[in-house]
Every structure is written in structure tokens, then in C-alpha cells.
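**Student:** Spelled out, the chains give:
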Amino acid sequence: MSKKMLVLGEVRDGELRNVSFETIAAAKKISGGGEVVAVLIGEQVQSLGEEMIHYGADRVVTVEHPHLKHYTPDGFGQAFMAVYEDESPEGIVFGHTAMGKDLSPKVASKLGAGLISDVTKIEGEGDDAEFVRPIYSGKAFEKVEIKEGLLFISIRPNNIEPLAHDASRSGDVASKSVEITNLRSIIKDVVRKSTEGVDLSEAKVIVAGGRGVKGPEGFEPLKELANLLGGAVGASRGACDADYCDYSLQIGQTGKVVTPDLYIAAGISGAIQHVAGMSNSKVIVAINKDPEANIFKIADYGIVGDLFEILPIMIEEVKKIKVN
Amino acid sequence: MNIYALVKRTFDTEEKISISNGAIAEDGAEFIINPYDEYAVEEAIQLRDEHGGEVTVLSIGNEDSEKQLRTALAMGADKAVLINIEDDIDDIDEYTSAKVIADYLKDKKADLILAGNVAIDGGSGQVGPRVAELLGINYVTTITKLTVDGTNVTVVRDVEGDSETIETSLPLLVTAQQGLNEPRYPSLPGIMKAKKKPLEEVEFDDLDLEEDDVEAKTETKEVFLPPAKSAGRVLEGEPADQAAELVKLLHSEAKVI
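Chains as they are written, first to last, in the numbering used here: chain A, 4 to 327; chain B, 125 to 381.
Derived by calculation from the structure, the hints in this document are not laboratory data. Values in this document were obtained by computation on a predicted structure and should not be read as measured data. It is possible that some hints are incorrect.
[Claimed, not checked] Computed Cβ-Cβ distance ranges for the label pairs, DEER-style:
{"hint": "1", "chain 1": "B", "residue 1": "Asp202", "chain 2": "A", "residue 2": "Glu182", "range": "34 to 44 Å"}
{"hint": "2", "chain 1": "B", "residue 1": "Asp136", "chain 2": "A", "residue 2": "Asp169", "range": "42 to 52 Å"}
{"hint": "3", "chain 1": "A", "residue 1": "Gly129", "chain 2": "B", "residue 2": "Gly274", "range": "48 to 58 Å"}
[To be verified] Taking lysine to aspartate or glutamate and the EDC-like style, the derived pairs with C-alpha atoms no more than 16 Å apart in a straight line are:
{"hint": "4", "chain 1": "B", "residue 1": "Lys269", "chain 2": "B", "residue 2": "Glu327"}
{"hint": "5", "chain 1": "A", "residue 1": "Lys217", "chain 2": "A", "residue 2": "Asp246"}
{"hint": "6", "chain 1": "B", "residue 1": "Lys223", "chain 2": "B", "residue 2": "Glu327"}
{"hint": "7", "chain 1": "B", "residue 1": "Lys269", "chain 2": "A", "residue 2": "Glu320"}
{"hint": "8", "chain 1": "B", "residue 1": "Lys345", "chain 2": "A", "residue 2": "Glu126"}
{"hint": "9", "chain 1": "B", "residue 1": "Lys379", "chain 2": "A", "residue 2": "Glu320"}
{"hint": "10", "chain 1": "A", "residue 1": "Lys72", "chain 2": "A", "residue 2": "Asp192"}
{"hint": "11", "chain 1": "B", "residue 1": "Lys269", "chain 2": "A", "residue 2": "Asp192"}
{"hint": "12", "chain 1": "A", "residue 1": "Lys150", "chain 2": "B", "residue 2": "Asp214"}
{"hint": "13", "chain 1": "A", "residue 1": "Lys150", "chain 2": "B", "residue 2": "Asp215"}
Just so it is clear, CB atoms sit at the ideal spot from N, CA and C, and this is done for glycine as well.
Using the sequences provided together with the hints, build the complete structure.
**Tutor:** Structure below.
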């Protein structure tokens, strides 16, 4: 049986985040040939609708309102529920991002529905689809299904491949007017701390530092390498506890769980709680002075050495590759 | 202020995970208060000390969770409630937990409910927002700062590294992110006092719910470990050569840069 699916795209700084296209790919796989309708919510999002079509959505519905400039669970909840009621889908896919994590349980609760959060893999298609998600921060996995009713999942960014961009696809981009009222949270201020706009959870490359960076200024070569590779900087709990960096950079069982294509661990020993947050990265590089460090046990490539000696040379070598 | 903190018993973060008979093996494992819930308990205690009132810590599970509730009492919470539904409900998912907790809280007139933003075992982060929605109150997740002035509340929220300042009001549910505070260790006098503090046990029959109302919506079919990762290649030679070699391998062999 084919399923009609609703996906929620996500806009940041006026652009669609990659996870938006991943939700379309996930929905297609689950839909068994059913229609995939994308929802975009914000102050001005209409012009982004076409891009969702190019990535495989059949139709797009946008909800624009001045009160939707910033995400709030009340505002976005009202907008999404209005589209939900029009469309009556059989399944929903959100990204498991700050917004998706915050909004999906509210929507699931309103609908009296189950919700499978943080899905990293969809096995099978259509009615046979099963959902794999990490538990214990990736120390184990579970395969989960919805017993009955609405099929609602959120997917972890950077795990489900988007469909190929096809500029020749066309579809309807409709706008729906929704009254947004009674917002109980008011956003007064947003302070950007993320480096170069690359978010840890979506970064393809992460350069992470531990106690071995020795101080806040020790992160400089890590930042330079990360920027060069279009990636983000992360940290171990040791580095955060020592005040070398902000807790928002922490990767591990407490902190963020990440799965980039390339994870470079510099001066990180590899405590079990850190490894839980990054061991599912596709390629892991360890740079550590201590040849016995745990991190080497899970690294694809290791260098026993001083990160302050190794990283600057790596930076120069990467620059050479970029030039060629 | 009437403050509730939601607490979950979880595996210690230092524990290795193994599987026996298709489930996570619990034999011999150390259990702790979910680290994010510790921030919630600490914040609750600090708010009570500043504004007066009472802190109740609440957990859902079986009698094993008494230990974590006693720890929270030793930190400084005033009362504990254990909702023990082990004998009545077989399968529990986030839908079930939220229904049970919200039903218990519905007539408790909580001003503020604090929880961890995620539990380090299940890791879905659903129960907090679900409880708020069921109670019809506002919520803010992943907070790193909380200031209460009368019924006005100012919250700083971590949004993937950025921080948002949010104004809202009580009643409210918040979920704690790392950086909110430094949870205290229970003191020896605190541990002694905790033994005498009230710990109420509530059973499913005490709630206004039927078993059908809380039946899990999701089902775990299989639990498995990730494939063991074998150690890779440790490079050799002069540091400069190693670094150059590494970049070359990442470019041409692993194809990630």
C-alpha cells in the first residue's frame, strides 16, 4: 500500500539545510510510490519551494508569517498542524535537528502518535520499511517499527543520502495562510557561536581537540584545518571541562553524537564516553603523542606525534591539494 | 515555587554495552542518574533555595530506580515519587512514559518542571516536550541558563551551538543542556537526611488511566551492536612525512578530502 508522506524542510539563513533533502529521500523510500509533500515554514520561504521539488518532493506547501521569523514550538506547531489537517498524510519525516527534536514530540503528542527519533538507516521499502536508530549514543543500535497508525520518524542529518538534484522536475508550490497566535515563547536575541556556519551535526568533516590542545589558543590550528576542509571544530569532554572551549562543541555520550565522513581527533585519548559520540564516523584519524591511547584502536589512520607539529604540515598539504 | 524534576535511571557512561538474549545486558552494570537529569535536579534545588518552595523528583520505572531518587534527595530535593508500572505495563515507549507522567502531574499544580534534554540510553528526547504538550503548558528544550522573576522566565537555549534568549512565563517545562550548572555531589549529611525524606511509590492503578490508554505505539524488533571496528594503520617516519602521507591517503585512498 502506498503512503502519502509529509516532510518538514528546514531553513537556516535563508537557505535550505541539507537535511531537508534527506527527509524527502527518506519519505520516498517509505511511501511505496505515494505522494511526498514538503512543508516549509518561515517568514519568507516561498522562493525555496522549487528546490524541494528538484530534490524529489511532488508538491510543496509553504506557510509564511512574520511570527515565524524565529522557530518557536507554538508558532511552527500551529503552522505544521494546519498543513497536516489539510493533507491527512499517513507518514511524517522531520530532521533530527535542534528544531526537529523540539517540535516532533509536540506534534506526535498532539496526534496521539508514536515517533521514532534519530533514525540513521531505513531498511526495506514501503510497508516493509524498518528503522534503525542508535541507542546508548551509538554503543548499540535498535530496529524499531510503528505498531499502528501514523508513521512518524525523525532522521539524523548526514546519514540518509538525498536523491539526485533534477532541475527539470516540476511541481506545485502552494502557500497556505495560517493565523499564528498566542506564542508563549518570545525570542529576544540569537547569538551565533558556530564556526563559519558549519553545524557539528551536519558537518562532513570534524576536527576535534582534547586535553592535548593545552588551552583555548591551541584550537587555532584545528580551526584552520576545519575551515580549509569546509568542516567544523569539536572537542572532548576533557577540553570542555578544562575551559579550553565552549560546551556546545562537546562530542560524546554527554554532548553531541556525530557521524561525519572524516573525523580528525587531535590530542584526544579516546575515553569510552567520547568514542560513543564519534565512533560511527566513516573515516577516523587519530593524532596523539601517546602510542597507547585508546583512540588508535578505532582509528583508520593514526599518527603518533605532537598535534602542533603535525597539523600545520597537514594544513599546507591540504592547501596544495586544493590548488591542484 | 512548586518544582518537579524528572529523573531517569541509566547506565553509567563508562559502561561497555553487551547484548544477551536479544536485549542489553544489565548484569553487573553501574547505574546512575541520567547526566542531563542531574543538571535538572541541581537547577531545581538552586531555584528552590533562591525562591523558596519545594522540589519533588519523579521517576518512572521499577524499584531499582529508588537508588537514583535517593541520590537526588541527598543532593537536596525534598520529596521523591516513583511511578512503578512494572507489573502492569509490559512495553513502554516515549508515548507510554509521557502519558503516565502527565497523568500523575495533571493535578499537582507544578510551576516548573525540569528534565534532561535527552537520556543517554534511549536518546530520543521526546518525553519532556510530550509531557508539556499533554499538560497544556509551554516548554523550552536544551537550556543553558534559567532566570525566574515572579512568573516571568528568561531562558537561554542552546541551538546547535548558537544561543537564543527566550522570554516566557510559568508554568513551564524546560529540558537541561550541559553547561546549565555544575551538579553537586551529595554530602554525607545530605545522604543521611535523604534516608528520612519521603519517597512515595505510585502504582498504575493509582492513576486515571486504562492500560489501553498507554499502550506503546512503537516496538523494538531487534537490538544489535555495531560491527567491531578494527584498528587501522599507524603511519611511520619523520613527522613531516607522516603528515604529508596522511593527507595523501585521505585524498586518494579514503577519498574524504
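**Student:** Indicate, hint by hint, whether the structure satisfies it.
**Tutor:** Each hint, compared with the structure:
The supplied range of 34 to 44 Å is met by aspartate 202 (chain B) and glutamate 182 (chain A), whose beta-carbon atoms lie about 43 Å from each other. As the Cβ distance of aspartate 136 (chain B) to aspartate 169 (chain A) is approximately 49 Å, the hint placing it in 42 to 52 Å holds. A hinted range of 48 to 58 Å holds for the C-beta pair glycine 129 (chain A) and glycine 274 (chain B), which are about 54 Å apart. With a C-alpha separation of about 35 Å, the suggested pair lysine 269 (chain B) and glutamate 327 (chain B) falls outside the 16 Å cut-off, and the hint is violated.
Between the alpha carbons of lysine 217 (chain A) and aspartate 246 (chain A) the distance comes to roughly 10 Å, so the proposed pair stays at or under 16 Å and holds. Taken as a hint, the lysine 223 (chain B) and glutamate 327 (chain B) pair is honoured in the structure, with Cα atoms around 14 Å apart against an allowance of 16 Å. Distance restraint check for lysine 269 (chain B) and glutamate 320 (chain A): the Cα-Cα separation of roughly 42 Å exceeds the 16 Å cut-off, and the hinted pair is therefore not satisfied. The straight-line distance between the Cα atoms of lysine 345 (chain B) and glutamate 126 (chain A) is roughly 13 Å, inside the 16 Å bound, and the hint therefore holds.
Between the alpha carbons of lysine 379 (chain B) and glutamate 320 (chain A) the distance comes to roughly 15 Å, so the proposed pair stays at or under 16 Å and holds. Distance check on the hinted pair: lysine 72 (chain A) and aspartate 192 (chain A) sit about 12 Å apart at the alpha-carbon level, within 16 Å; holds. Distance hint between lysine 269 (chain B) and aspartate 192 (chain A) is fulfilled; the C-alpha atoms sit about 14 Å from each other, no more than 16 Å. For the hint pairing lysine 150 (chain A) with aspartate 214 (chain B), the CA-to-CA distance comes to about 15 Å; that is within 16 Å, so the pair holds.
For the suggested pair lysine 150 (chain A) and aspartate 215 (chain B), the alpha carbons sit about 12 Å apart, so the restraint of at most 16 Å is met.
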